[in-house]
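Chemist: Chains as they are written, first to last, in my numbering: chain X, 1 to 447; chain C, 1 to 447.
Source of the hints: derived by calculation from the structure; they are not laboratory data.
Watch out, some of these pointers could steer you wrong.
[Said to hold, decoys possible] Footprint (simulated), chain X over chain C, 3 or more residues, beta carbon under 8 Å:
no.: 1; segment: 107-114
no.: 2; segment: 400-410
no.: 3; segment: 420-433
Glycine included, every Cβ here is placed at the ideal spot set by N, Cα and C.
There are 2 protein chains.
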Amino acid sequence: MNPHDTAQANRIAYRGDIVFAPTLGELAVYPDGYLVVEGRLIDQVLSASEGDLLYGGGDPSPGGGSGRIVDYRGKLIIPGFVDLHFHAPQFPTRGLGLDEELLSWLEEYTFPEEGKYSDIGYAGAVYRRAIKELWRQGTTRVAVFATVHREATEILFRLFQESGLGAYVGKVNMNRNAPSYLLEDTEQSLMDTREILERFYGRSQAGLVKPIITPRFVPTCSLDLLLGLGRLAKSYGACVQSHLSENTGEVELVRGLHPEAPSYAAVYDQAGLLGQTPTLMAHCVHSTEEEIDLLRERGVYAVHCPSANSNLSSGVMPVRRFIDSGVRVGLGSDVGAGHSVSMARVMISAIQSSKLKWLWSSRQSVPLTTAEAFYLGTKGSGSFFGRVGSFEPGFEFDALVINDMDDTTPGFEEMPLSERLQRFLYTGDERNIEARFVAGSLVVEPF
Amino acid sequence: MNPHDTAQANRIAYRGDIVFAPTLGELAVYPDGYLVVEGRLIDQVLSASEGDLLYGGGDPSPGGGSGRIVDYRGKLIIPGFVDLHFHAPQFPTRGLGLDEELLSWLEEYTFPEEGKYSDIGYAGAVYRRAIKELWRQGTTRVAVFATVHREATEILFRLFQESGLGAYVGKVNMNRNAPSYLLEDTEQSLMDTREILERFYGRSQAGLVKPIITPRFVPTCSLDLLLGLGRLAKSYGACVQSHLSENTGEVELVRGLHPEAPSYAAVYDQAGLLGQTPTLMAHCVHSTEEEIDLLRERGVYAVHCPSANSNLSSGVMPVRRFIDSGVRVGLGSDVGAGHSVSMARVMISAIQSSKLKWLWSSRQSVPLTTAEAFYLGTKGSGSFFGRVGSFEPGFEFDALVINDMDDTTPGFEEMPLSERLQRFLYTGDERNIEARFVAGSLVVEPF
Chain X
1 MNPHDTAQAN
11 RIAYRGDIVF
21 APTLGELAVY
31 PDGYLVVEGR
41 LIDQVLSASE
51 GDLLYGGGDP
61 SPGGGSGRIV
71 DYRGKLIIPG
81 FVDLHFHAPQ
91 FPTRGLGLDE
101 ELLSWLEEYT
111 FPEEGKYSDI
121 GYAGAVYRRA
131 IKELWRQGTT
141 RVAVFATVHR
151 EATEILFRLF
161 QESGLGAYVG
171 KVNMNRNAPS
181 YLLEDTEQSL
191 MDTREILERF
201 YGRSQAGLVK
211 PIITPRFVPT
221 CSLDLLLGLG
231 RLAKSYGACV
241 QSHLSENTGE
251 VELVRGLHPE
261 APSYAAVYDQ
271 AGLLGQTPTL
281 MAHCVHSTEE
291 EIDLLRERGV
301 YAVHCPSANS
311 NLSSGVMPVR
321 RFIDSGVRVG
331 LGSDVGAGHS
341 VSMARVMISA
351 IQSSKLKWLW
361 SSRQSVPLTT
371 AEAFYLGTKG
381 SGSFFGRVGS
391 FEPGFEFDAL
401 VINDMDDTTP
411 GFEEMPLSER
421 LQRFLYTGDE
431 RNIEARFVAG
441 SLVVEPF
Chain C
1 MNPHDTAQAN
11 RIAYRGDIVF
21 APTLGELAVY
31 PDGYLVVEGR
41 LIDQVLSASE
51 GDLLYGGGDP
61 SPGGGSGRIV
71 DYRGKLIIPG
81 FVDLHFHAPQ
91 FPTRGLGLDE
101 ELLSWLEEYT
111 FPEEGKYSDI
121 GYAGAVYRRA
131 IKELWRQGTT
141 RVAVFATVHR
151 EATEILFRLF
161 QESGLGAYVG
171 KVNMNRNAPS
181 YLLEDTEQSL
191 MDTREILERF
201 YGRSQAGLVK
211 PIITPRFVPT
221 CSLDLLLGLG
231 RLAKSYGACV
241 QSHLSENTGE
251 VELVRGLHPE
261 APSYAAVYDQ
271 AGLLGQTPTL
281 MAHCVHSTEE
291 EIDLLRERGV
301 YAVHCPSANS
311 NLSSGVMPVR
321 RFIDSGVRVG
331 LGSDVGAGHS
341 VSMARVMISA
351 IQSSKLKWLW
361 SSRQSVPLTT
371 AEAFYLGTKG
381 SGSFFGRVGS
391 FEPGFEFDAL
401 VINDMDDTTP
411 GFEEMPLSER
421 LQRFLYTGDE
431 RNIEARFVAG
441 SLVVEPF
């Protein structure tokens with residue numbers, strides 16, 4: 001089926017066991033419910049009895065009274081996963097070099113790999129595989145770093161457009177403190193970024209793939225470069241993504257490079273790259289109170305990447321403090337420092353890390369519940385893309401159909417939907433995902 | 001093929017990319033090596049050039065000069081995974097109730113599930129599925145808790161015997177502080193335990209499945225019961241497994257129940273259940289220095305269950321301190337508090353937890369490397385079963401053949417074996433496991 005055929009149908013009711021998280025900590029559950037979609041948007045979710053009244057109940061069949069019904073009875077229907085931090089060129093090195101910390105890992109594993117993306121054949125081959133894996137794992141929207149290479153980045157754009165997934169794609173900018181083969185001339189870096197903005201801004205298929213301004217992080221970007229990128233962000237109204245306060249060595253390095261700045265975040269702020277347009281800052285493990293306040297004031301998303309932060313011995317972002325402080329929080333896999341593309345794994349990692357954080361904070365920092373982690377990886381992260389990540393009326397219909405039939409669990413049929421969701425997140429995998437929808441359209445395996 | 005046919009062949013050389021951990025932190029790697037097995041034991045491991053000389057190199061074919069060659073070229077051959085802590089009756093509840101801590105989780109999820117094993121039909125159905133999953137995930141030896149029910153426990157014995165996997169199987173003892181449907185009369189509990197020892201001790205097929213004395217933990221076992229079990233352990237020379245210092249609430253509870261005891265471990269010790277025969281103590285998260293000293297003196301295995309300890313907000317066992325103190329350390333999945341049966345996942349969880357522990361100990365508690373975690377889940381744990389978990393001469397041939405061909409990684413063929421192992425542990429799964437051997441025999445899918 002053409003991935004976009006279904007968007008043409010006027011009104012479709014998806015019938016199944018519907019679970020989503022409209023607010024932090026709360027699950028909305030509709031056993032055997034009806035999720036009514038019109039075009040790319042959700043119209044409403046109906047309980048079994050409401051839906052039966054409207055659609056006649058019984059066996060669903062095409063052409064019922066109120067439109068077509070798609071039968072996913074006995075299967076979970078949940079919002080698609082949203083990954084706010086993913087490095088496409090690190091896909092081949094995931095799971096490697098993880099006995100290192102951030103700065104040596106970058107030098108020994110990541111930079112050498114990223115150097116290869118001057119070869120567009122190589123880039124295309126890897127990027128296809130990375131996108132296919134995102135699709136398999138149920139990630140329906142993703143914010144992605146490419147490399148400094150303009151041509152390879154444009155290939156990544158086109159492949160995402162072809163895939164049917166939603167993405168912000170960023171050409172990385174770097175002009176200092178990196179191997180020569182990855183260093184850009186400041187003017188060229190800005191010109192290439194502008195070129196990509198011109199070429200892709202607002203013109204992508206169905207608006208699902210958009211450029212995002214992507215300074216790697218302060219250590220590899222001079223203030224000149226950052227200021228230039230800030231000007232581009234402003235003039236195009238383009239979003240921004242970068243890294244912030246991941247590792248203590250990195251924080252020290254930034255302090256040494258910018259002794260005048262009141263905080264690491266303040267360097268981005270000074271350049272117009274901290275919420276002047278919608279902004280993602282990955283990690284925020286070692287953010288000070290002052291930095292947290294600044295992120296809240298600027299409406300910046302703090303992107304929690306728990307697996308990567310454990311893998312590189314960076315620490316645990318105090319996610320509860322961020323939430324309580326009113327900072328927007330989302331989740332990221334941070335592949336390749338994170339080894340798993342699966343956002344379900346990332347949610348579990350966030351929960352586990354938060355429990356250890358709780359213990360080590362003398363039980364002050366309340367751990368995340370399963371429902372909270374699920375919210376963060378769906379609506380929490382999805383809100384960066386607009387009305388995405390929930391099944392409330394007016395939200396884009398991004399969804400996963402989960403065939404979680406489990407013959408290893410006697411009494412599976414009687415499990416409440418909240419437990420079936422928890423079971424899937426903890427023990428399921430991509431083999432349980434039967435269908436993926438983005439903005440109303442069924443998305444089939446790309447490439 | 002009958003799982004034991006291969007054991008009949010006199011001498012078999014398995015040719016492939018051989019990796020094992022003979023000591024903590026050290027990997028032995030034999031690219032395109034030969035692993036020579038005689039009956040159930042490893043004779044030697046030969047490098048490619050040594051093996052080519054002896055076996056003529058080139059295409060392996062049956063009936064070569066020095067015996068049969070089995071061709072696993074291009075695939076990893078690693079020791080089988082050993083899981084020192086697994087609750088078979090919690091297999092259906094894994095991944096559930098993990099927003100709780102230990103004591104409420106036991107009451108709300110675990111005890112009600114364990115109550116069902118008075119029904120031997122139910123027990124047989126679940127235990128088949130649990131063993132099949134152990135097989136799938138590459139666990140070749142496992143120390144297992146059943147429930148208090150003698151009949152269901154005997155079924156678990158027979159199913160393990162049928163499977164070809166190696167196991168210590170324990171009927172659980174409990175006579176206080178649990179729901180009435182799980183409480184035993186002390187005398188009956190001891191008689192049932194003795195009955196199982198009589199029936200299974202030393203008579204299991206190929207010696208692969210053995211009984212183990214299994215008081216659940218001090219809170220649910222009176223001193224009378226513990227003393228009786230200690231006498232049984234002594235008179236049969238039977239091994240012992242239990243839980244120790246997992247959660248602060250539990251430690252408090254034990255202190256209240258046994259105010260006279262100098263430590264939690266001392267209660268077991270007083271009963272003859274702490275290393276008087278080979279002993280496994282799961283968790284040891286909150287062990288005092290005194291307790292650690294006692295464990296070392298008694299030669300007790302401290303079984304690290306990192307995923308379960310994160311899931312139930314118990315904490316992180318100071319694994320480095322145990323190792324440095326000379327305590328024997330192994331790994332356990334602790335299904336169902338641990339959600340994954342895979343020991344590869346448990347190894348990664350051990351590494352991640354140790355990195356956070358390192359940070360929170362002001363960088364004193366050196367984190368585990370990948371090679372160290374691999375050692376703990378193979379030879380470290382395997383030594384409880386004898387000469388198991390390594391490929392040194394005289395060790396039992398327990399092995400996994402890993403087909404890790406990875407077309408998502410350009411240059412995969414050139415990766416060093418240590419990186420291929422790391423990649424598999426972090427990102428692989430049971431789909432990569434092509435064959436499993438226990439004590440020289442190929443083990444096919446059970447049931």
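Chemist: Which numbered hints are broken by the structure, listed smallest first?
Modeler: Checked against the structure, the only hint that fails is number 1, while the rest are satisfied.
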